[in-house]
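Can you build the whole structure from these sequences, using the hints too?
As you go down the protein sequences, you meet chains A and B in turn. Going left to right, the first sequence walks through residues 1 to 930 as the numbering used here numbers them. Going left to right, the second sequence walks through residues 1 to 472 as the numbering used here numbers them.
Note that these hints are calculated values from the structure, not bench results. Be a bit skeptical, because a hint or two may be false.
What the hints assert, rightly or not - With the C-beta cut set under 7 Å, the calculated list includes, among others, these residues of chain A facing chain B:
1) G481
2) N840
3) V844
4) F850
5) S854
6) E915
7) E925
Don't be surprised by glycine CBs; every beta carbon is placed ideally from N, CA and C.
Residues per chain, in single letters:
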Amino acid sequence: MGSSAPFLKAIGVLCCAAVANGATISPEQSEFFESRIRPLFVSKCHSCHTESKLGGLRLDTAANLLAGGKSGPVVIPGKPAESILIQRVKEKDPERRMPMGGSLSAAEIQDLEKWIALGAPWPSAAPKEIGPTLGQKEFWSFRPIQKMKPPKVADAGWVRNPIDAFILDKLESKGKKPARPATKLELIRRATFDLTGLPPTPKEIDEFVADAAPQAYAKLIDRLLASPHYGERWGRHWLDVARYGEDDVRGAVPAGYEPYENAFRYRDWVIQAFNQDMPYDLFVKAQLAADLLDRPDRQKLLPGLGLLGLGPWYFDLADAAQARANERHDRVDLVTRGFLGLTGGCARCHDHKYDPISIKDYYAIAGVFASTDYREYPLVPEAVVQDYKAQEKQVKDKEAALKEYLNAQSQELASILSFKSARYMAAAWQVLGPPKADVAAAAAAEKLDKETLERWVSYLAPQQREHAYLKEWDALLRKGGTAADAYEVAARFQNQLLSVLGEKKAVDSFNQRVLSEAKEKRGAPFAYLPNGFALYDGDTDNCFGVSVVVKSLDREKYLLWSDIAGERQVLNRGKKEPGVFVYKDEHLERFLGDEWKDYILGRKADLEAAKKALPARYPYLQIVGESSRIGNLKVHLRGSPYNLGEEVPRHFLSVLEPSDPQQFQPGSGRLELAERIAAHPLTARVMVNRIWQHHFGRGIVGTPSNFGRMGDKPSEPELLEYLAGRFIESGFSIKQLHRDIMLSSTYQLSTQLVKANIEQDPDNRLFWRANRQRLDAETIRDTLLFVAGDLDLSIGGPSRELDLKNARRSVYAKVSRFRLEPYLALFDFPDPGMTNEVRNVTNVPLQGLFFLNSPQVSQAAEHLAERLAREAGSDDTARIRLAYRLLYGREVTDRELEFGRAFLGNNTTPAAWREYGQALLSANELVFVN
Amino acid sequence: MSFRAPQTRREALRTIGGGFGMLGLASSISSALAATGEPVMRSALDVRPTHFPAKAKHVIFLFMNGGISQVDTFDPKPMLTKYDGHPMPGGSFTTEAKTGNLMRSPFTFKKYGQSGIEVSEIFPKIGESIDDICVIRSVQTEVPNHEPSLFMMNTGVFQPGRPAMGAWLTYGLGTENQNLPGFVVLCPEMPNVVGPPLWNSSFLPAIYQGTYVSTKEKDPKKLIQFLKNTEMDGVTQRRQLDLVNQLNRLNMDGQADADPQLEARIQSMEIAYRMQTEAPQVFDLSKESPKTQERYGTSDFGRGCLMALRLVEKGVRTVQVYFDKGNPWDHHEDIQVHRQLANQSDQPIAALIQDLKSRGLFDETIVFMASEFGRTPVNQTSGNIKLQAGRDHNHLGFSVLLAGGGFKGGLAYGQTDDFGFRAIENKVQVHDLHATILHQLGIDHEKLTYRYSGRDFRLTDVAGRVVKDVLV
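See below:
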C-alpha cells in the first residue's frame, strides 16, 4: 500500500530495548504490550491523548506516559492502585470516568493493572500508525446486519407483526403494558397526515368507519401510499436531510446572488422517487453518481445529482481557497451525516475525537468532491441551446453598443459644457449674487441651457465643501462684488477645472493600460471556480485578485472632478446627485439633434425587439459532473487550506471498509463512494431509523444523523436490526417499511397516558403509546388551505413565494438559504444551509400572532365560512357540524355546539361565521395530531 | 423534556381567575404555579439561571459595518503623522489588496475626561462620555474580508452556519419580556452583506433567531409580522380568543392524557394577544419627549439607538443596531467620509449612554460598538478605486468600545504598534470579546453549549478568554 495509505498497519513487534522504568523487558512483556495494551491506548485513548493533548496528557510514547498530564504522572510503574490511569478508568462518576463517554471492560482494566504491576514495560519500537482496529470496526452500527428473530411474548394476541414482538417483549420485561389502541377516527387522521401531510376528508372518514372488514385499515394504508401526495410529504422529509435550498448565502457583490432557477427539478425528482418507491440504494447512488451509473435509465436519474449541484457554492471573491474548502466540507458533512449517520465533518481539522475517522479519511472523501464540478445539463437538444446563446449574445451586444454610444455622447457633451463653465458661473452670479435674477431669465439672457444653469446654481450656492477650489467664489458671494469680479473668479475656476479634467483623463488611460496588462498576464480567472457562478471579470474597472498599483488624482482634484463630471455629494442632505455636466438618458437626448435622436430611438427599438424575441431560457439541470482536474487533496492541517500536509488518495472511510481502503481512480470516485455507501449496513440502519422517527416523532436512535459513539444508543437495538434487515431483504422498499410499521399494533396505539408507565418512562422511550405530534410548517399551511377548499393539489413545478395568491402546497415554496421565507422560519423550518436530522418544535407568541392576525388565516377563515354556507346550507347546526368534520375529522359534541351557537348569536352574519371559523382554525385540535 | 405532573398543574391553572380566557401575563401563571410548589413548566424563552451572578442583563451591539478605521477614531498615532507619505517600516504587506505609503489621519485628536483618553475630532460627543467607556485598541480577527469577519464578529466562526451571539444569549438566558422577541436586529434597510445569516439561530431552535426590524418603518404596528388585525376590533378578537380557549379546554378534558404542549400553546396565544398592544408602544418613538428624540439626531442610526434604549428598557435581551445596509464604513478611497458617518453616529451613541445612565440601566446593559475589522494605516493604491485617500481592511489590530455592564469606563486597553497596524500588547481576539461579554451576563462561555451533530458547540468554539482587566 505504500506510505500514502491512510493508516499504516502495525508491522510486527520490533526488538525491545527500553521500558518505562528503565529496565529491560522480556519478549513476553513486549508481546503483552503490543497485543493488549497498545491497541487499547490506540482505540480508547488516542483520540484525545495524542495531538489534542486533552488534560495535557499524551499516551503515545513511554516518555509522554511518564511525563503525565496536568494532574501529574498518570502511571506509577509497579503500583496500579496508586496510578491515576487506573483510578480514572475505574471511576464511578461518568463525568470523570475515562475514556470519556464510555468505559473499559473489566478485562481491559485487569490488563492495564497487570501491565502497570509489571513495571509498565513499553518497547522502544518506533511509534506506529495503526488503522481502525477490529474492535472499532465492530462498533454496533458498523457491524454486518444480524438476523433477528422476534422474541416470544406473553400477550401474543397483541402482536400483529414482528415489530410488536420486539416492543412488547421490552415492555413485558419491565412489567409494563401498552396503552389502549387508537380509535378508527384517530387512526385515519393520524395515518392520512402521516403519509400525505393532509387531513382526511369527511367522505374518506365515513368510508373507513363504515368498512368493517378486517382488511379495512390495510386498505387505507395502501390507498395513502399510492397517493401522489405521499411523495410530497416524504420527499420533503428527505429534503431536510438533503439541505435543499434554491440559492446561496452570498456576499457584497449583488451579481453574486443567483438563485438556482432549476433547483425544483431536483425537488420534483425526489418527490417522484418516493412516489415510485425507488429502491433506497438506487436513490442513494443516483444522488451521488447518476452520471456515472451504467444503467439504461441513467437519464432519468440525473436530476438526483442536484443533491450536490445545488450548492451551497460559497461567495469567493474574498478567499477562493477557503470558499472551495467550505464547499467540500458541506459535501463531506452532508454525505457522512445524511447517508451514514456519521459526523465525518468533525475530522476536518484533526482526527475525530470520538469516532474512528481520521483527518486523512476526511480528505480522502473531500478529494472526491474536489474532483467534482458544477454542471448545467440542458434538457433540450444542443441546437436549441446554441440558438438561445446566440440570441442572448445578440441582445447583450446590442445593449452594450447602445450604452457605449450614449456614453460617448454624454462625454462629448460634458467636454463641450466644460468650456462654457465660466459663462455659466457668471450667469449663476446673476442668480446668487446681488442681481437675484430668476434662473430662467438668466439662462435666456445668456443663451444658456436652463437645466445646466440650475445645476450650477445649486452647486455654487453657499454650502459645506470638501475642496478649496471654490473658496474664492464663496468669499465673493459672502462679501459681495461686481459681475466683473465674478467673471474673473469664474475664468480662473474654468482654467483649474479644465486642467483637472485633463489630468483625470490621463490617469484613467494609464490605469486602463495597467489593468488590461494585468488581466492579460493573469489569463484565466484568478481562482479555479468549479461552481461557474462567481466570475467577476467583466467590468473594466475591476480587477479583483490582482495586486496592481494604479494612479489616482489628489483628493481635492478628485472631489472637484467628481462634483462636475462624476457624482456630486450633497453633504448636508447625505445624498448624491449626478455631477454638474453629467447628462444621461432622456436628459442627454435633449441636447442632441433630430438625426441623433432618431438614431438612438431606432437602436432602442431594435434592442427591445431583440429582447422580446429572446425566448425564456431553456430548461436545464443544475447538477455536477467529473472535474477536468481530478486529483487527491493534501491534508489541511488544522483545517486550513493554506497549511497542507501529506497527500491522501481518494477512498472510503477506513473504518467502514472490510480491509485496507481501496483507492478511487481514475475518476473522481463518486461512483465508488456511492456504491460503498449504498451497500453498507449502516446506511440501511440510518434510513430505517429516519422513517421510524417520522412515524413516531422520535427515532429508535434519538440522534438520527449520528450513529457514532457520541450519538444515542438505540433504545430497541434488536428492532432496529430487524427493520434494517427487512429493509434490505425487501430490495430497499421504503413503502414496504411504511406498511410494516403502520400495520403494527405499536403504531396503532392511542396517546393514552398509562400511569404505571409514566413514572419510569416519562419520555415514552419504550414506545408504549403514541406521541402527539404538532403539525410542521408545511402541514399547517396546507391544512388551512385544504379545509377552506382552496388548496391547489397539482404536483411539481417551479417554486413560488408564499403569498396569499399562492394556493399550492408548501413543499413548492421557495426555499432560500439567504433569506428564508418568514412563514417557514416562524414554524421551525430547518436551516437549508446544512443537513437537518430533526425539526425543532417550538411554541412562541409570534406563532400565536399568525393565527390571530395573519392574512393567511383570515383568508382561510373567510373561505371556510363560504364553504360551510355553500355545502351545509342555511342551518347553523349543519354548518357547525360540517366544520368539525372538515377540520377535526369528527362529529361536534353538544357542548361545542352550544359554544358555537353562543358565539354566533342570533343574527349570524358572514362576518360572525368568519370569526367563528378563525377560532376553529386556531384551536389546538387543528395543529396537534393524536 | 421530562414529564411533570400535569393534573396538579391544571388544577393550579384552573384556580386562577376562572379560566385561561381571563389570564393575561405568562408570569402570573408562573407565579401562581410556583405557589403550589409544583415545578413550573418552562417555555423556551423563560429566564434561566446564570452560571454565576450576572453583572449585566442586556447587550446593545452597535455595528459599524464596513470597518471603522482605528487610527482615525480611537487609536491616535503621532508617528503616522510624522512619517506621512513614507513606506511603512517592515516592508510592503498585503491585507486585501496592495497598499501604498503611510497616511496620516486627516483628523485631529483631543484628550477627554478625567481619563484623558484621546478621541478623534469626528467623535466629540463620544469623547465627552469617554470616562464611561472602555476602549480596547488591540482587537484581532482572522481574515481581512467583510463576509468572514462579519461572521466572526457575529457568530464566532468565520464561515456560515453558526448561531449569532444574540441567539446564543436568548438560548442561554431566556428573555425577561415574553411579549417581545428576545433578540432584535435594527437597521434602516436589511443589511445585505451576508444578511440574515448574521442573526440566525442556525442549529439552535428557530425561536432564538434575531427579529429584523427596519428603523425606516415609522408605523410601529408594522414592525413585527402580523402584529395588527385589520379586520376585527379588540372586543371581537377577545371574544374570539375566549372561544378558542373554551374549545381548547374542552378538548383537553376529552384527551386520554394531559399534555403540557397543549397548555403551552394556550399560554402563547394569550401572550400573542397582549403583544398586539405592548409591542407597538415600544417601537413608537413618539412616546419619547421631543427633547429626548432631538438628542438622537435625525439619522436612521439615531432612531435605531433610541429604539434600542426602549427595547432594553422593556426587557429585551439583545438589540443589535447596524449602521446601514451595504458596507457603509468601508472607505477604501476616501477616509474623510468617516466624518459624515461619525456625524450621524456620535450624538446618538453618546445620548444612548447618557439615557441608559439616567434611566438606571447603564450598569445592567453592555453597550458594545464594533466593526468586523479595522483599517490599514497606509493608503490603498490598488484595485477598483478612483481616489487614493482611503484605507484597506486590516484584521491585525483594531479598536472596539465597550460601556456599561461592569466594563471599566475611562480605560484604554491594549496597544497597537507605532502606526496602529498590528496589536502588540494585551491582544484581544474576537472569541475573547464574546467570552468577556458572556461573563458579564453570568455565563461561563465554556459551559454555554448546544449538542448538535454529536458535538457540543459553543459561541467561542474552542477558544475564548475572559479579559478580566477591562472589568470593574
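Going back to the hint list, which numbers does this structure go against? Those not satisfied come down to hint 1.
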